[in-house]
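Visitor: Read off the chains here:
2 protein chains.
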Amino acid sequence: MPTPYNLDIHNNCRDCDVRGDRLFCNMSDSTVSALDAIKFTAVYPKGSLLFVEGEQPRGVFILCSGRAKLTTSSTEGKVLIVKIAEPGEVLGVSATILGKAYEVSAETIEPAQLNFIKRDDFMKFLNVEPEACMHTAQQLSEKYHSAQREIRSLGLSQTTGEKLAKLLLDWCDRGGETTPKGVRLKVLLTHEEIAQMIGTTRETVTRILSDLKRRKIIEVKGSTVMVLEKDALKDMVSV
Amino acid sequence: MPTPYNLDIHNNCRDCDVRGDRLFCNMSDSTVSALDAIKFTAVYPKGSLLFVEGEQPRGVFILCSGRAKLTTSSTEGKVLIVKIAEPGEVLGVSATILGKAYEVSAETIEPAQLNFIKRDDFMKFLNVEPEACMHTAQQLSEKYHSAQREIRSLGLSQTTGEKLAKLLLDWCDRGGETTPKGVRLKVLLTHEEIAQMIGTTRETVTRILSDLKRRKIIEVKGSTVMVLEKDALKDMVSV
DNA sequence: CCCGGCCGGTGACAGCCATCACTCGGTGTG
DNA sequence: CACACCGAGTGATGGCTGTCACCGGCCGGG
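Top to bottom, those sequences are chains A and B.
Read the first sequence against my numbering and you will find it ends at 239, with the numbers running on by one and no gaps.
Read the second sequence against my numbering and you will find it ends at 478, with the numbers running on by one and no gaps.
It is worth saying that the hints were derived from the structure and are not from the lab.
Don't take each hint at face value.
With beta-carbon atoms standing in for the labels, derived distance ranges [stated by the list, open to error]:
id : chain 1 : residue 1 : chain 2 : residue 2 : range
1  : A       : 224       : B       : 366       : 44 to 54 Å
2  : A       : 15        : B       : 285       : 48 to 58 Å
3  : A       : 234       : B       : 417       : 48 to 58 Å
4  : A       : 224       : B       : 452       : 47 to 57 Å
5  : A       : 11        : B       : 285       : 50 to 60 Å
6  : A       : 179       : B       : 425       : 53 to 63 Å
Capping the alpha-carbon separation at 20 Å, the derived lysine-lysine pairs in PhoX-like fashion look like this [to be verified]:
id : chain 1 : residue 1 : chain 2 : residue 2
7  : A       : 69        : A       : 46
8  : B       : 420       : B       : 452
9  : B       : 473       : A       : 78
10 : A       : 83        : A       : 186
11 : A       : 234       : A       : 213
12 : B       : 420       : A       : 234
C-beta atoms are modelled at their ideal positions from N, C-alpha and C, and glycine is treated no differently.
Model the full assembly from the supplied sequences, consistent with the hints where possible.
Guide: Given below as structure tokens:
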């Protein structure tokens, strides 16, 4: 049976076949059943705004499949992509727990399935299910960890080239496909979005990528980037 | 009776008179007693290294009194002060929970009292005491929240002046003493350290502060800074 | 088929700021 | 008292990169 957006939909967390791979969802049957009872599953198209920076927290979203970008922006309209969230992550936890406004905005960049849990239900869930609370603490630790990496990269990089090199290396470690020639990456972001990830402008990204091409460190064909000289990238990075 | 470093030492968390004010420590008597059983209290002089970035996590430190700076540094030796931790904060939680290396270094900048809890004990504590787990999740949420603020400031600020203005405004909201003339701040950091907080150089900090003085936005006398025109600072900030 | 919009590529230019190199005053120490 | 050391202040300079401007290619829609 075809499903919307060609997603493999799991209506029931208990029977979810990828549950074991997910840091948060990997909990005992009884806890997951409790989760099933309070969650609302929905499939969102690309570009859906899940929540907006500054908004009072309505609850949390568990990203079952698809990816979402977390952004923050200045009053001048400049946008910073804080993170690309992957399946398994829980979005909006910290704001929900603290009862403070969401500190970032979340927007799907692919069709995505999400489980929404209302704030009250989620808090009760944490209080009643110690295992859930523990997994939430882990999830938050992961978030803090990756936020620290971001801070390091933004604060310590000397040049924009360094930040971009670091980003490419990150991608190599994450979704890279290693080939004899080098690491092949699928980059589904525009130069504009890459710029927003490292806090610079589109033109600068274009220029640095051109430079890397000229120096035969990378090759670009459409949306695939082939990293030929990973070591050369590493040499550019001091963070 | 005089105590080392003139600190008011609490050997016993249960009888601690500031417990109620502390996000983490504000727990039921039974939970706090369990905490008392596994903690090691010690007083550290200024400049003590509690843990170092990259080190495997030994456990967590609860900051009872005094402040500590959390730093991260590049291979080139450039240092970024990620945060000044205040009493009540728990340091090293995320690394301890994940079992990954500490992502920052922690160093006391004043004489400080800390409770150390070994990793195994802490993890058991979280598993056995749901209330502790909940408070840890809150603590982590706070940490994530402040990390996000840092990311915003580092990534979205257009100029160094903007970052410094934002830092001054932060200080006004935190420890500022409001007077008819403006907000009086005690700045116990050197220009060098301020530079490390906003990812710039000492010279630039000196220059920007001089500029603010010339424009009569601030006055500096020794280690006290008087903010005369808070609004002027706000105008400099778009983040 | 043409047109508009989005994305990528490039050049010119100015401005911010990191770097280097001094100076100066205060503090502590031998 | 001389000296070292640290923090602060300042000038000169060069390079990175943000900004503005324009062009070309691609794609989808009328």
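Visitor: Take the hints in turn and mark each one as holding or not.
Guide: Hints, verified against the model:
no.	hint	result
1	224/A <-> 366/B: 44 to 54 Å	45 Å, holds
2	15/A <-> 285/B: 48 to 58 Å	57 Å, holds
3	234/A <-> 417/B: 48 to 58 Å	50 Å, holds
4	224/A <-> 452/B: 47 to 57 Å	54 Å, holds
5	11/A <-> 285/B: 50 to 60 Å	58 Å, holds
6	179/A <-> 425/B: 53 to 63 Å	58 Å, holds
7	69/A <-> 46/A	11 Å, holds
8	420/B <-> 452/B	15 Å, holds
9	473/B <-> 78/A	17 Å, holds
10	83/A <-> 186/A	17 Å, holds
11	234/A <-> 213/A	16 Å, holds
12	420/B <-> 234/A	52 Å, violated
The earlier numbered hint that this structure contradicts is number 12, and it is the only one.
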